[in-house]
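Engineer: Residue strings, one per chain:
Number of protein chains: 2
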Amino acid sequence: MLATRREFLKWTRQGILAIGLFTLLAAPTTLAQSDPLPSWNDTAPKQAIVSFVEKVTRQGSPEFVAEPERIAVFDNDGTLWVEHPMYTQLAFALDRVKTLAPQHPEWQTVQPFKAALDGDMKTLAASGEKGLLEIIMVTHAGMTTDEFQKVVTDWLATARDPKFKRPYTELVYQPMVELLAYLRANGFKTFIVSGGGVEFMRPWTEKAYGVPPEQVVGSSIKTEFKMQDDTPTLRRLPEVNFIDDKAGKPVGINEEIGRRPIAAFGNSDGDLEMLQWTTMAGAPARLGMLVHHTDAEREYAYDRNTDFGRLDKALDAAAITGWTVIDMKADWKQIFKD
Amino acid sequence: MLATRREFLKWTRQGILAIGLFTLLAAPTTLAQSDPLPSWNDTAPKQAIVSFVEKVTRQGSPEFVAEPERIAVFDNDGTLWVEHPMYTQLAFALDRVKTLAPQHPEWQTVQPFKAALDGDMKTLAASGEKGLLEIIMVTHAGMTTDEFQKVVTDWLATARDPKFKRPYTELVYQPMVELLAYLRANGFKTFIVSGGGVEFMRPWTEKAYGVPPEQVVGSSIKTEFKMQDDTPTLRRLPEVNFIDDKAGKPVGINEEIGRRPIAAFGNSDGDLEMLQWTTMAGAPARLGMLVHHTDAEREYAYDRNTDFGRLDKALDAAAITGWTVIDMKADWKQIFKD
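Chains A and B, in that order, give the protein sequences. The numbering used here numbers the first residue of the first sequence as 1 and each following residue consecutively. The numbering used here numbers the first residue of the second sequence as 1 and each following residue consecutively.
The shape of chain A in the complex, shown without the other chains (with noise of 0.2 angstroms):
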């Protein structure tokens, strides 16, 4: 009982009040206020997503998903949040570097440290891979997974986003937030399955999206278990655990999930492989989706040319497998929140 009335006080903070009782309790003129997808124009995508969800949800429907299976996976940055200029999680690896700075004078001569305490990007991309884990490793281990979580949510707390001047958690797409409520209110579970530390993403996603913790599928690196003093302790150590990208996602959603998902979102390459072991399974009605960033104006436009978030053979593959492609610029009334 308890776990719908709160489910219900949840729809009913993000204003999305018709689902369940009140489609009944409604007055005939409040009934347009009742769509639960409203920040979505009425065009093919929104389409899509009522008639998957109604076909899989209608008992003697040949396409009907029994409730337990009804899976839905996200991918996170460029999907539900903005991922531009940088990486969100970058962006706090940088600024983690300059808090850190004063403890390591090194770093004042040392690459990628110095030119990531100076801004300078160029640098920092040309040191690759190698430069960039160093930089994740410095900033993501040798603390306690409990202090790990505090310097996020403190991190968070004050830090803005260089364009919009906001705190990077208001920039999740409104779209996708009411997306994810329907789906739930409809006997989906959601679940995120990002390239993004899952550690970065759990102390938030619950207040962003609705999706709990234990919903949150994502890289990691290792930790370690210690009694220390009576007290146990969960050690972040400087080596990789699992990368939850590209043909990693289907390996991360049978690791952790152990289900196939009905519906998979996503918007980048790192999201093909997720999309293909949703939707190629054979089986009858199946939803795959992608994010195209077409709306330079309220976001930022990019697709098969980007650091971050490149959509290139994803693109390709959507014309062929028949996913749905999401243009924001067209398909969605309202980007943020106000």
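Any given hint might turn out to be false.
Same chains, same label: a pair holds when it works inside one copy or across any pair of copies.
[Said to hold, decoys possible] As a list, the in silico DSS-like pairs of lysine-lysine whose alpha-carbon atoms are at most 30 angstroms apart:
#1 Lys313 with Lys207
#2 Lys313 with Lys98
#3 Lys222 with Lys337
#4 Lys329 with Lys130
#5 Lys150 with Lys55
#6 Lys222 with Lys130
#7 Lys246 with Lys226
#8 Lys130 with Lys207
#9 Lys246 with Lys222
#10 Lys98 with Lys55
#11 Lys122 with Lys246
#12 Lys226 with Lys337
#13 Lys333 with Lys114
#14 Lys130 with Lys163
Rather than coming from a laboratory, the hints here were simulated on the basis of the structure.
The hints should help you fit chain B onto chain A, whose structure is shown.
Structural biologist: Frame of chain A; chain B shown alone:
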């Protein structure tokens, strides 16, 4: 709404009729039937469970825990189902060696396969961890995840426990099944955290325990994603990915659940660190319990001297840390469902 109706039907099926609305509707004479833990004697462990649940669910109680944080973790072998005379997964592997033997004539002479075929447990044990790993790899890897799921499901449908002559999935402990349902009825999310293979458990845990695949954490081998003739496949590789045992359990919990549990149930030294991680956080109410196999007549009696489910260090720790030890013989009215 649907989730609750489904949950409700599930409780009803399990005979736990008195939760929620039913208690209000039921006549006083039926109240005696409303005990959610009928297979437990009214001894200390049952009282500890009920008192814990009442504390963490009572609004305004200093030990109140919000619903999303009500995470309970359960070991599987020896905690939720029988683990003697050997882990069920090992029985599966040995049967599987026999099934595959015609394709491997060399196994008739090469160890540890010869021992497996002969049922020579002594030689098998002497082959050590290396030998066991060889057996696990030839029986658990080299096929797709879908194929492995079918192999497990088919085996469980026909295999019978040597002592009880019943399917293994009927040898789940009825008191623990009731406990799982009781916790869920009180807003807990129940997880399995087992040293057993995650893909060996997932095909049947939902039916046996009401624990869906996405709430099962276990050991795993590596998998690889590939497109084969336009069909996405996950292939199981003969390489260990993660051992979810001992100090690995808190690591697995953190990696896949991402919250610290408030209740943990185990039965062996493999669960020691999981119980430490759960209960020694300094937070108000935490529950740690160990199933102690004390009933040679109705099940088995073993603790400090056994190859499967040794309970030694954790038993000593229980006395110090205040974990409740369940004495199967004294505390359980019934072991299995009739």
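Engineer: Take the hints in turn and mark each one as holding or not.
Structural biologist: The hints, checked one at a time:
1. Lys313 with Lys207: Answer is neither: 33 angstroms inside a copy and 40 angstroms across each miss the 30 angstroms cutoff.
2. Lys313 with Lys98: neither (36 angstroms within a copy, 45 angstroms between copies)
3. Lys222 with Lys337: Cα proximity of Lys222 and Lys337: none, with 36 angstroms in one copy and 41 angstroms across.
4. Lys329 with Lys130: neither (36 angstroms within a copy, 58 angstroms between copies)
5. Lys150 with Lys55: between (43 angstroms within a copy, 28 angstroms between copies)
6. Lys222 with Lys130: both (18 angstroms within a copy, 24 angstroms between copies)
7. Lys246 with Lys226: The answer is between: 11 angstroms across copies meets 30 angstroms, while 33 angstroms in one copy does not.
8. Lys130 with Lys207: neither (33 angstroms within a copy, 46 angstroms between copies)
9. Lys246 with Lys222: both (20 angstroms within a copy, 16 angstroms between copies)
10. Lys98 with Lys55: neither (52 angstroms within a copy, 45 angstroms between copies)
11. Lys122 with Lys246: within (25 angstroms within a copy, 45 angstroms between copies)
12. Lys226 with Lys337: Neither: 43 angstroms inside a copy, 39 angstroms across copies.
13. Lys333 with Lys114: neither (42 angstroms within a copy, 68 angstroms between copies)
14. Lys130 with Lys163: So Lys130 and Lys163 pass the 30 angstroms test inside one copy only (28 angstroms; across, 57 angstroms).
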